[in-house]
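*Asks:* In order, the protein sequences belong to chains A and B.
Number 569 in the working numbering belongs to position 188 of the first sequence; there are no gaps in the numbering.
Number 746 in the working numbering belongs to position 8 of the second sequence; there are no gaps in the numbering.
One or more of the hints may lead you astray.
Sample of chain A residues facing chain B (criterion: CB under 8 Å; computed from the structure) [claimed, not checked]:
id: 1; residue: Arg493
id: 2; residue: Val516
id: 3; residue: Phe806
To spell it out: a stretch of chain A is covered by chain B in this simulated footprint if at least three of its residues, at any positions, have a beta carbon under 8 Å from a beta carbon of chain B; those stretches are [to be verified]:
id: 4; stretch: 602-608
id: 5; stretch: 611-622
id: 6; stretch: 642-649
id: 7; stretch: 664-677
Please keep in mind that the hints were generated in silico from the structure rather than gathered at the bench.
Virtual Cβ for every residue (Gly too), placed ideally from N, Cα, C.
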Amino acid sequence: MSNGTEFYFTEDRVETRGMDVRLLRRLLSYLSPHKGLLAAALGALVLGTACQLAGPYIIKLVIDRNITPRVLDGLAGRVALFLAALAGGMGFLYLQMFAVSIIGQRVILQIRAEMFGRLQRLPVSFFDRTPTGRVMTRLTSDVEALQELISSGLVSTVGSVTILVGIAAVLVWMDARLTLVTFAVLPFLVLFVELLKKFIREANREMRRKLARLNAFLQEHVTGVDVVKAFVQEEKSGREFDVHNDAYSAESIRLTNFYSVYFPGVELFASVAVALLLWQGGIRVIAGAVTFGTLVAFLEYAQKFFAPIKDVSDKYNILQSALASSERIFQILDTEVSPEYRPLPSGGKSPLRPVEERGRERATQLPPPAIEFRDVWFSYPKGDGEQGETVLRGVSFTLHEGETGAIVGATGAGKTTVLNLLCRFYEISRGEIRLFGRDVREIPREELRGMISLVLQDPFLFSGTIRENVEAGGAELGRALGVAGVSRFAAAWESGLATQVGERGGRLSVGQRQLVSFARALARDPEVLVLDEATSSVDPVTEHEVQAALGKILSGRTSLVVAHRLSTILSADRILVMHRGKVRETGTHRELLAARGIYHRLYTLQFGTP
Amino acid sequence: MIREAIDGISAPDGRGRVVRAVSWMVLFAFLHGGFRYFGRRGMLVTARRVEMRLRRDLFAHVIRLPLSFFGRTPTGDVMSRMTNDVSAVWLLLGPGVLTLVGTAITYVLGLLFMARISVALTLVALAVAPVIVVASREYGKAFHRTHRKAQESLAAMNAAIQENVAGIRLVKAYGLEGQEERRFRGASRDYYRQNVSVARTSAAFHGAIGLLAGLGVTLVLLLGGWLVIRERLTLGGFVAFNAYLAMLSFPTMALGWVINLVQRGGSAMGRINEFLGTPAEPREPLLVPPRKVPDAPFLEVRNLSFAYEGGGRGEALRGVSFSLRKGEIAGLVGQTGSGKSTLFSLLLRLYPVPPGTVFLEGRDAGGLPLEEVRRAVSLVGQDPFLFSDTILANVCFGRDLPDEQEARRAVSMARFLAEVEEMPDGVHTVIGERGVSLSGGQKQRATIARALCAGGELLLLDDALSAVDSETEQEIFREILSARGGKTVLFSTHRMASLSRCDRILVLVEGRIVEEGTHDELLSRRGAYFDLYSRQMIARELEAT
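Let the sequences and hints guide you as you build the complete structure.
*Replies:* As structure tokens, this is what we get:
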């Protein structure tokens, strides 16, 4: 699943709260930069509605002034007026629809950018506990729902209401009693719609939930099809799929049944209203109380009146789900940024200084250790603000400039955590981490991360060319490519450094990806190299190249390495043996072997008897 | 009836006629509502059932397609056919057919009644209809085109987000936040542009179609008014005609939409049929199933060669031959890409095996029912894939019914029981996206438990313990070997220390078995195995000096 399109069918809890005024207000605040467009849209809406309302009235005039008295005079003029009203109505409709979608699109463009910017600054722990799929849903379908709210929800609700009010006003103005007759069915209609709406909304939500479950099952079994085959479970999987499929189908049929009542029902009410109108209106026309044209106009208006009513109840659904989405969106926007992105309390006491200057300073004084951990305690934060199990329990060590420190230890000893903390991906609970004598919490983020180059265990590359990937690290391309051995394998390719690496570097072999990630780390000529050695096995030839490159990279450079290769461990100036969250032994390979402690045991297990 | 009522208004004995007409109208409205309810319900529910059956058959078929199919078809493509295309077929069969039938009925009846009122007026009203149909169809196409472009830029934007999130540590470590934001802004702006163009098309269409429909009404108003004045048409007829015309305007617009729906549903069905037409893995055994040969080795591979489809990669295996006795423990050693995983897949017949190359207890595996072969072999793959379900369900995945006791035994053999018991619901803990997420080592141990629980006679471990520390690896091996109960084991690993337990080691180089023997024999031969081994040991020798 690492390449190709990934699908996300995450089930998110759909909260059904009433209207949250604060939420709505905050959403509206995103509209304020587009006041002009919004005004234009509303203007077009009002004018368009006026044009639409004019149509039936003109027909009334045609009937009363031309047809009933049998007069041809002015017929053409009135018809022309009708056409003009029509053209105006449609023109305004176009303007309004277009303006509204532009507003909606712009708002979500802005919200998306804000969300993405916020994501870049969230603590790493956020990404540890939030599955990628969920982050994706926030930025895609949730934002999409919001857009739906703005472009079809908000403005067209205003539109529907305008039309309803407009029609009601015109009708009352023409004849109050007939209006009353027309609207006689309205209370029943509203009752009917309200009653069914509840069921429909509920069935709809249940159906979507079932669909998400079905699709999640589907995706998982397509991804893991080899496992299904290896264990001959095609039948069982088929049966389980049927269960999900049937559940979804039953729910969708339930919804279909509700809609089968709903749509014809609303139409029935409209027909009944027309019949009532004809009955009462007919009697009144005969009695001479209203003109014939008025009755026809009433018929026309009644038809226009019932269409938006169907709409309004739909819109409520949109509004509901959009509010739930926006709540989730604002949750991300309100998640506190990682502390290193906040301004330093010292107010920039330590401004950015060029490297040479720092070097000169160091030469004149007694140099502090390059890396120093002082009694560092740490546990990974959990989502609910609680702390998880303690991972580091008082880690202390020092590493001097130019030295390579190799961290060894069993899985779960806390090796990678030490690297994460040096990069300040997490905040420590107790103790101090110093880089060239300065607490990492007091070094501005750009400076701190500018000093360190990180190589991850999984050699992650961004899609793009090899060159772009290495350039992301820094400007010293030539040397980095050479030392890491990238130029050697890239030279054999047609496009060389311009070769596309594919999604996550998928077009390169694992070994090549490692070499490129080395080059990226070297391209900035870092003061400190932080490296989590890959455990994945590569073939011996590549392994040899990787080792050779590593040797060159590490020699004479301050580096902290989580080491798995024997060669790396042996070449280290200092080995830090971690065990259960503590540094238990330090020294060179020979010293540690002689001590016959943890290191000796680990070594024997990993590489056989010494 | 509207006509009757209105004509009644102008007639002398008006009241009675009006009341009669209105009563008829109400009756018809109820009848119409009833018909619509049953028609709609009947058709849509049937379509939903068809959709369900289609999806069921499609899944049952796809899950039985050969692995090579999944190799050449991206997961996204498989998913989109099983979700979007199935939905498109439902839209065609449900709302599509419903609208089509509704439109046809409305048209025939509407035109009939309109023609009865006035033929000339009907012809005038119909003048704009073809234009509307063509316009809606063109719009459907344009909408589809722009919509597809929008989908493409959405996919690009999603890829950007996904990559960013996956590589967030690097983004932070190299201070790439700004650069990433710019990249994302570009992608999302592109998506914005596509969406605006969709909106423009759709707004223009709605405006135009309204105008066209209105034009028809205008013409009718002009001509109809003139006809009434000239007393060639009653006022009731005129009003009723207008009402019928209004009834027709929606179906006319819908026709373009339906045409589009039919086109899309048709091509979706075509894509689905492509899948359904791909032959599934052959399952039928030979008429006379081969018999076990008493003295034959448990597993024998004879001169097995294999190349992946759509090659260019050459042969993955070249003339591999070896045999394993029942209960034997064999190690498989080789560099990445030497063909270890291919060999494991072929032993399970995940890819077609040429006849006469793989024998299980003397029977040609190619002639055995597929199910029998796979039930005899339990594979633990390199990539520990688990389902988002309980641990129990995962471990018992290879069994027809879950057996908690067996599952616990397997989990304990895989050295996973202590951790499982610490979890909130023990073996009933749900893992994966919706539950507890396991570490790489835990996942690997769970997959080992799954293979042990499946109970195959031949256990294949394909570098299955790479994320487990070496101490635990040793323990698991010890446990499996002592409690295997006559199972034959073939495993590959990159930790040489584990190989010393093997009865035999096979060395695979570029798809060929170049050496075979015990650890000591192979070392003394000083060949490929010795090379691999010494690479790990060189440094130690250096140290000794």
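*Asks:* If a hint holds in the structure, say so; if it doesn't, say that too.
*Replies:* Hints, verified against the model:
1. For A:Arg493, the interface hint holds, since its Cβ comes within 8 Å of a Cβ in chain B; the closest pair sits about 5 Å apart.
2. Hint on A:Val516 holds. Least Cβ distance to chain B is approximately 5 Å, under the 8 Å limit.
3. For A:Phe806, the shortest C-beta to C-beta distance to chain B is roughly 7 Å, which falls under 8 Å, so the interface hint holds.
4. For the stretch 602-608 of chain A, the assignment as covered by chain B holds, since 7 residues bring a beta-carbon within under 8 Å of that chain's beta-carbons and 3 suffice.
5. Coverage of the stretch 611-622 of chain A by chain B holds [criterion: at least 3 residues with CB-CB distance below 8 Å; count 9].
6. With 6 residues having a beta carbon nearer than 8 Å to a beta carbon of chain B, the stretch 642-649 of chain A meets the requirement of three or more and the stated coverage holds.
7. With a cut-off of 8 Å between beta carbons, the stretch 664-677 of chain A has 6 residues touching chain B; three or more are needed, and the interface restraint holds.
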